[in-house]
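Asker: The chain contents come next:
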Amino acid sequence: MSLFTSRTDVVVSGALDGLAARHKAYASNLANVDTPGFQPSEVPFEEHLREVRDRIAADPASAEQGTRLDLTPQPDPAADPRADGNGVNVDREVVRMADNALTYEAMVSAARMRHELLKSAISGGGK
Amino acid sequence: MLSSLRINGSALDAERQRLDVISENIANAQTTRTPGGGPYRRKEVVFEAVAAEAAGMGGGTGAGGVRVAQISESQAPLEKVYNPGHPDADSQGYVSMPNVNIVEEMVDLVAASRAYEANVAAVNTTKSMISHAMELGRG
Chain E
191 MSLFTSRTDV VVSGALDGLA ARHKAYASNL ANVDTPGFQP SEVPFEEHLR
241 EVRDRIAADP ASAEQGTRLD LTPQPDPAAD PRADGNGVNV DREVVRMADN
291 ALTYEAMVSA ARMRHELLKS AISGGGK
Chain P
3 MLSSLRINGS ALDAERQRLD VISENIANAQ TTRTPGGGPY RRKEVVFEAV
53 AAEAAGMGGG TGAGGVRVAQ ISESQAPLEK VYNPGHPDAD SQGYVSMPNV
103 NIVEEMVDLV AASRAYEANV AAVNTTKSMI SHAMELGRG
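Note that the protein sequences, when read in sequence, are chains E and P.
Counting in this note's numbering, the first sequence runs from 191 upward without gaps.
Counting in this note's numbering, the second sequence runs from 3 upward without gaps.
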């Protein structure tokens with residue numbers, strides 16, 4: 191296991207990829223709030239990421255393979271179509287996009303803290 | 003992530019076009035003469051989702067942004083108003099008035115404004131996420 195592909199690094203980078211793909215799906219949902227017949231999409235990645243985490247816990251060498259997450263947008267099961275067939279709820283999309291953004295920013299902080307840790311280790315603890 | 007900016011940007015453009023059309027409808031609610039002849043007919047925008055790959059947004063499937071597929075004239079019947087003194091009255095004294103319903107237009111206006119604001123919020127959220135991500139490389 192190399193210095194830069196520990197389980198934490200793989201999971202954090204996988205989370206960042208997943209959250210960014212989810213953000214893009216929400217952006218698309220909001221852009222199409224008035225498109226007749228449009229159905230919103232979601233990117234569920236947490237389940238697969240959990241499996242990746244468990245896989246690496248069982249076999250640390252597999253961390254080198256990264257996450258190989260499938261980030262294709264899926265139809266959102268909570269969609270409730272209106273009269274024109276459009277299933278986007280603008281308030282729900284705005285709120286969950288804000289929520290997702292906060293999670294993304296928290297993940298970035300986590301990745302940053304990890305880098306700081308590594309840097310500190312590399313420089314021998316001195317500044 | 004940057005493609006999200008283009009996605010919501012396309013929506014701002016489409017909703018603005020919709021607002022322009024609504025304004026034109028409201029302004030011409032009483033217009034009995036158009037350059038093409040005849041009374042003004044209500045205009046409608048038709049929105050269509052743009053596939054992510056087609057718009058060159060790169061990576062992944064699913065919808066990208068939105069575009070105005072066409073601006074069409076409503077074929078709903080014109081309103082006939084009895085006004086024999088009007089210069090455009092027909093032989094029975096009826097004037098064909100535009101098929102514009104001001105109340106409908108105002109409701110559309112509110113919906114278009116709300117969609118516009120939601121997409122502005124999305125652009126701001128994307129900007130915040132990108133600037134946070136850039137901190138990863140700093141220091």
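Watch out, some of these pointers could steer you wrong.
Computed, partial: chain P to chain E, Cβ under 7 angstroms [to be verified]:
1) M3
2) S6
3) S12
4) A31
5) T33
6) P37
7) V68
8) Y96
9) M131
Restraint-style ranges between C-beta atoms, simulated for each label pair [claimed, not checked]:
10) E:G275 with P:Q19: 29 to 39 angstroms
11) E:S310 with P:A71: 52 to 62 angstroms
12) E:G275 with P:L4: 44 to 54 angstroms
13) E:R304 with P:L7: 49 to 59 angstroms
DMTMM-like cross-link-like pairs, simulated, lysine to aspartate or glutamate; straight-line CA separation at most 20 angstroms [as the list claims (entries may be wrong)]:
14) P:K45 with E:D207
15) P:K129 with E:E295
16) P:K129 with E:D207
17) E:K309 with P:E106
18) P:K82 with P:E106
19) P:K129 with E:D249
Just so you know, these hints were derived from the structure itself, not from any lab.
What you are looking at is a predicted structure, and each value in this text was computed from that prediction instead of being measured.
Ideal Cβ placement from N, Cα and C applies to all residues, glycine included.
Asker: Name the hints, by number, that the structure is in violation of.
Answerer: 4, 5, 6, 8, 10, 12, 13, 14, 17, 19
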